[in-house]
Structure formats: structure tokens, C-alpha cells
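Residue numbers (the working numbering), protein chains in the order written: chain Y, 1 to 333; chain Z, 1001 to 1333.
Treat the hints with care, since some could be wrong.
Unchecked claim - Quick list of the computed label-pair ranges, beta carbon to beta carbon:
1) Z:Asn1056 / Y:Ala146: 43 to 53 Å
2) Y:Ala292 / Z:Lys1321: 58 to 68 Å
3) Z:Lys1321 / Y:Lys214: 31 to 41 Å
Said to hold, decoys possible - In silico PhoX-like links for lysine-lysine, alpha-carbon gap of 25 Å or less:
4) Z:Lys1314 / Y:Lys259
5) Y:Lys168 / Y:Lys300
6) Y:Lys214 / Y:Lys145
7) Y:Lys321 / Y:Lys300
8) Y:Lys321 / Z:Lys1259
9) Z:Lys1298 / Y:Lys259
What the hints assert, rightly or not - Not close to chain Z: a few residues of chain Y, all C-beta gaps over 12 Å, as computed:
10) Ala109
11) Asp189
12) Lys321
By construction, these hints were calculated from the structure, which means they are not laboratory data.
Glycine is no exception: its CB is placed at the ideal position from the N, C-alpha and C atoms.
There are 2 protein chains.
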Amino acid sequence: MAEKNQRIVLASRPQGWVSEENFRLEEAPVPEPKDGEALVRNHYMSLDPYMRGRMNASKSYSASVEIGQTMVGGTVGEVVKSNDPSLKPGDKVVGQLGWQLYGTGPAKAFMKVDTGRVPLSAYLGPVGMPGVTAWIGTYDICQPKAGETLVVNAASGAVGGVVGQLAKMKGARVVGIAGGAAKVKHVVDDLGFDACVDYRAASFRDDFKAATPKGVDCLFENVGGEVMETVVARFNPFARMALCGLVSQYNETEPQGLKTLFSILVNRVTMRGFIVSDHMEKWPQALAELGAGVATGKIKYRETVAEGLANAPKAFIGMLKGQNLGKQLVRLA
Amino acid sequence: MAEKNQRIVLASRPQGWVSEENFRLEEAPVPEPKDGEALVRNHYMSLDPYMRGRMNASKSYSASVEIGQTMVGGTVGEVVKSNDPSLKPGDKVVGQLGWQLYGTGPAKAFMKVDTGRVPLSAYLGPVGMPGVTAWIGTYDICQPKAGETLVVNAASGAVGGVVGQLAKMKGARVVGIAGGAAKVKHVVDDLGFDACVDYRAASFRDDFKAATPKGVDCLFENVGGEVMETVVARFNPFARMALCGLVSQYNETEPQGLKTLFSILVNRVTMRGFIVSDHMEKWPQALAELGAGVATGKIKYRETVAEGLANAPKAFIGMLKGQNLGKQLVRLA
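Turn these sequences into a full structure, and let the hints steer you where they fit.
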């Protein structure tokens, strides 16, 4: 094969905010699949907030990326060579090949997908890890009931957008929180939330109060910081909080935590930190429902696509700053 | 009846720390029980941290005490007059008569108790609300398993002491946190905890780490503040945290919350705020087990008894400052 592989490795660990200098683009030969393995050409790679945690040396829920190692992450692409009968060239697959054009892995590490009714890229978004994250946090932890109020922040993001639509299906009032007028409009007009509040507005607290006249029964938390504290302070008794992410804090050397902890006690709230990979037994059902939702147009989603591997670091930093709308992808082919 | 009733009312709401000036001792006629009611002479009244919350005007999980109203609280005493066939003079009962010598109430608001094997005062401690609080938080929320490590702070208190003993019965390693050498010694020597760490010691963090070599699987939280944050930072994956109280913060105008919130996310912790009165269906089983434990000497407990109603405010403030060992009571007869 004449083409070279390209990959982005971790060049150095960030101190505070990530910068493009923390990454390095490298060339390497296209790898050869071993027995039982397949070689895949990636078409899209996923950029997700959790990757920021992998750049740290400190303990997180999964291993750090080592200096010089290819950045990890979800990918979708096409099998170009296979040494296993379960896959053949041309098959479209989801994998975990990281920030690179080509990758190999055991056939069972790839999930063959049908792109007839669901576009390939959606398997990195609403019909992939972000969608399943939304499904588990909403249905298993938040458990919104008809008439209750569910709040989700980063509401225009890959996870948040699905959370709100799933909660609407249960009859809940759904209030999003997002940054800036364009996102707020998208969340209400395109995704169908009952309301969305701009956390950058000076009137945020008042706006949020007005949008949650009956208080808050469920919180799907992606962001942390003062925005989260404002929501927590409006919890009703027996509220449920799915703690999925704290993206506003990932680049802070002194995270601010939760000042409104009293509300958890007084309102007898259940807060649960969760990670979607702990719940693999739920994936088949979640993916089936999410796939049907996307195929029928009941679940709507948006993508922001960066062009080419070299633009991945910039797009990643932009995503952490909230510059994307919907799922942040990088097109690789 | 020649004797007068005496009661302590809320004279003013505290700003920050409670002071004795926030209370006022009053005399009043002994009340007459109506049809279906009983008149009870209280022998002991309970002092509990939750009462601090009732002194505030702000929303809590139950109604505030109004200015001029008798302070609320659990009591044990003897029926002196009854207009209901279910109670007769001489019966020993648990009630919620508050900070006063005498009180009346409908017969069904009193629980008749057997003082043959369990002393009357214990019905305000290990076989009463504090004991049931320990039982529910330990068994329903913390769910310690054999070999796991459970941590409880205010370990020498009425709740904490029972928590540790219940967790030991499940085979957990139990580590207490308490203030000062006398309490630490009591918790280990008398209550049988595996270890107890003095949070006032300069070496607290190192001592706590040494006492929890395998991390922390369960936290029964009574205190809040930096001590709590130190424990939360040592959570193992899938730890459980029963949020029962935040006594270090009740007199603070700006509570410090939880700076180590990241640990809840990264370790997929379940934190649940709870209040024992939400779980009335569990009380009969809990009281039966706790009563048997106390009667057979398997559950040990200590009491600190203030003498006379007039000393209740001082004893209450002392309890909030951690000056008591075990259950804080006031003897009224």
C-alpha cells in the first residue's frame, strides 16, 4: 500500500488549558493486520470531552495516554483488509482506533454497522457512545416522569441534545442550558426542548428560575461550576442527578466543586457519577432504540465537522470551549 | 396539678453560631389532655443536630420553628393522665413533645415502650431516631460488604457509633473519624471500630490514609467540610455515600460544599441525601434489630446527660461543637 498512515500523538501533558503544542502529527507505515485482525481506513473520528482526562498523568477511570502514544478515541470507517471471516473489505465498522487514518485490531473489537438508514457518522453520535451515555443517564439515573422537570446542560452537545429528546418521550418538561443565542435557538427550535437558557447572559439565574417554575426533578450534568450549582439549588425533594461530566473544570487546576451541597441533603437527592462503559449490558437495547429514533427522524442531531486529521487538535480545543454545535467530528476520508 | 409546665421557646433566629440568647425559658400551666389524648411528663429530651436547621427561617426539609414557639424534639417520659384506652398512667412512651416538662398529644402520637431490657433513655438513642438513621444509612445506602472499608465521621456520636457497629456486623473494615484523643479511644476500645482518626490532629490526612490502606467504599457523612473532602478523595470505584448531615456547616453563612466533586464522577459514586422520617416503613424492622442489639449488649452506646431543662441551650451548643460523647440528652425528671 503506497499511502502512509498519519496519527496524532500526545507530545506533552497540558498544565491547565490544552494547547495545540500538546499534540504532534506523525507519519508511519500503514500497519499490517495479523491473523484474526482487520485493517480499517477511518472515515470519521470522534472528539469527546473525556479525552481531556486521558491527557493527564493522574488517576482517572481509565488509563492515561502515554507521551508519544496515539490519542485514543472512537472511529468509524471501512475495512480494507481482513484476516478474519467475520469481516470483509468494504464493511463499515465502528472501532476505537484513535486519532489516525488507519488502524488494525482483532475483528471482535469492531462493530459492523448498517448505513442504509443511519449515516456512518451518526454511529459516533446519537447512535454511538454519546447517545448511549444520554440513554443510560436519562433512563437509569434521572428517570424523568411525566410532568417532572429535567434539566440538561451542554444542551446543544452530542449528549445533551439526545438527553432532552429522550426525556421528552417520557412526558417531562425539558429545560436546556447552553452558551449563546444560536445554540439556545437550535435547542428549542430544532431539538424541541420546552425551554433553553443562555448561561452566558447576565440574567442567567433569573432566566433559569423563570424556565423552571416548578423546580428541578432531574439534572443531567455535563459541565459543573456555577451553572451546575444554580440548578442544584433549585432541586425538588427526591431529585435525581446523573453526574456525567464536569467539562468546565477539566482545565482548571483548582476545580470549584459543589458549593450547594446542602441541597443534596435537604432535598434527599440521589447523585450518581457514571461512565457509559460500565454498562455494556445496556448498549444493545440503547443502540437499537437510538438507531430507530434516528432512522425515523424522531431523534434529531447536529454535527460539527473539522476537515482532516491535522485540524483535530484545534477542533478538540474548540469543543472544550463550547465552539461546536452538536457532535464534534473530524473527517478523515 | 400544682406543678407548672416549663418550656424553652425560640426567642430569636441565630445569625451564624447559635447562642443561649436565641432561647427563652417560660412557665405555663400544665396542659389538659383532650378526648383521645394523653398528658406525658417527660423524663429525657433529645438534642440533635437537625434542630439547628429548624431554627432558620429558610426552607429545610421540615417547617421552621416560629419565634415564640416551643423548640421541637424527641422525648421519652411517663403517661400521667390519659383520655384514650390505649394508654394508662405509668406507661412509658416515646413522643415528640419538644423542649418542655409536660406535653399532650393524641394517643397514637406516642409509642409505648418496654423498659425491661432497654433503658428508657436508649429510645432516644440507639433504639430511637439516631439508631434508625444509622440503620437506614448503613444498610440501605452504604450497603457495606465483607472486606470493604466503611468510614463514618462524628464516630463517637449517637448516630456514628451505631453506624460503625452495624457495618462491623456485615464484616466491613470500619474507620471512624472523631475529634480528640478521648473520643478516638472510646470509638476503638468501647465501640470496637477497627480504627479511628482524630481530625483535629495536624497529621489527619496522613493518619486517615494510613487507616484506609485499601481506599474507601462507603461513607456515612455527618459533618461536611474538609474532613468530608479528604474522605471523598479516597473513594474507590462504585463507592456509596450516605449524606446524613453537615454539622460543621450549619452555623456557617457560606457553606464550603464539596470541592472534591471530581471523585464522585471519576469513581462513579452514588451519593444519597436522606432523612430518616422519609422511611417510616423501615422503622419497625430497624427498631426490632436495634432493640435486640442493645438488650443483648451487642450494640454499645454512651450518653452525655445535661441536668434540667434550663441547661438545654448550653448542652445543645456544646453538642454542635462536638463536646458530647455519644447521645446528648437532657434529664427532665
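So, going through the hints one by one against the coordinates:
1. For Asn1056 of chain Z and Ala146 of chain Y, the Cβ-Cβ distance of about 34 Å falls outside the hinted range of 43 to 53 Å, so the restraint is violated.
2. The beta-carbon spacing between Ala292 of chain Y and Lys1321 of chain Z, approximately 60 Å, falls within the hinted interval of 58 to 68 Å.
3. Taking the beta carbon of each, Lys1321 of chain Z and Lys214 of chain Y are about 39 Å apart, inside 31 to 41 Å as hinted.
4. With a C-alpha separation of about 30 Å, the suggested pairing of Lys1314 of chain Z with Lys259 of chain Y is violated against the 25 Å cut-off.
5. Only pairs whose Cα atoms come within 25 Å are accepted, and Lys168 of chain Y paired with Lys300 of chain Y is accepted, the gap being roughly 13 Å.
6. Proximity of Lys214 of chain Y to Lys145 of chain Y is assessed by CA-CA distance (about 14 Å); at most 25 Å being required, the pair is judged to hold.
7. Restraint check for Lys321 of chain Y and Lys300 of chain Y: satisfied, since their Cα atoms lie roughly 23 Å apart, inside the 25 Å limit.
8. A distance of roughly 22 Å separates the Cα atoms of Lys321 of chain Y and Lys1259 of chain Z; the hinted pair therefore holds under the 25 Å criterion.
9. In summary, the hint linking Lys1298 of chain Z to Lys259 of chain Y is not supported, as the alpha carbons are separated by about 40 Å, beyond the 25 Å threshold.
10. Every CB of chain Z lies more than 12 Å from the CB of Ala109 of chain Y, the least distance being 23 Å, so the non-interface label holds.
11. Every CB of chain Z lies more than 12 Å from the CB of Asp189 of chain Y, the least distance being 31 Å, so the non-interface label holds.
12. Separation of Lys321 of chain Y from chain Z is adequate, the least Cβ-Cβ distance of about 20 Å exceeding the 12 Å criterion.
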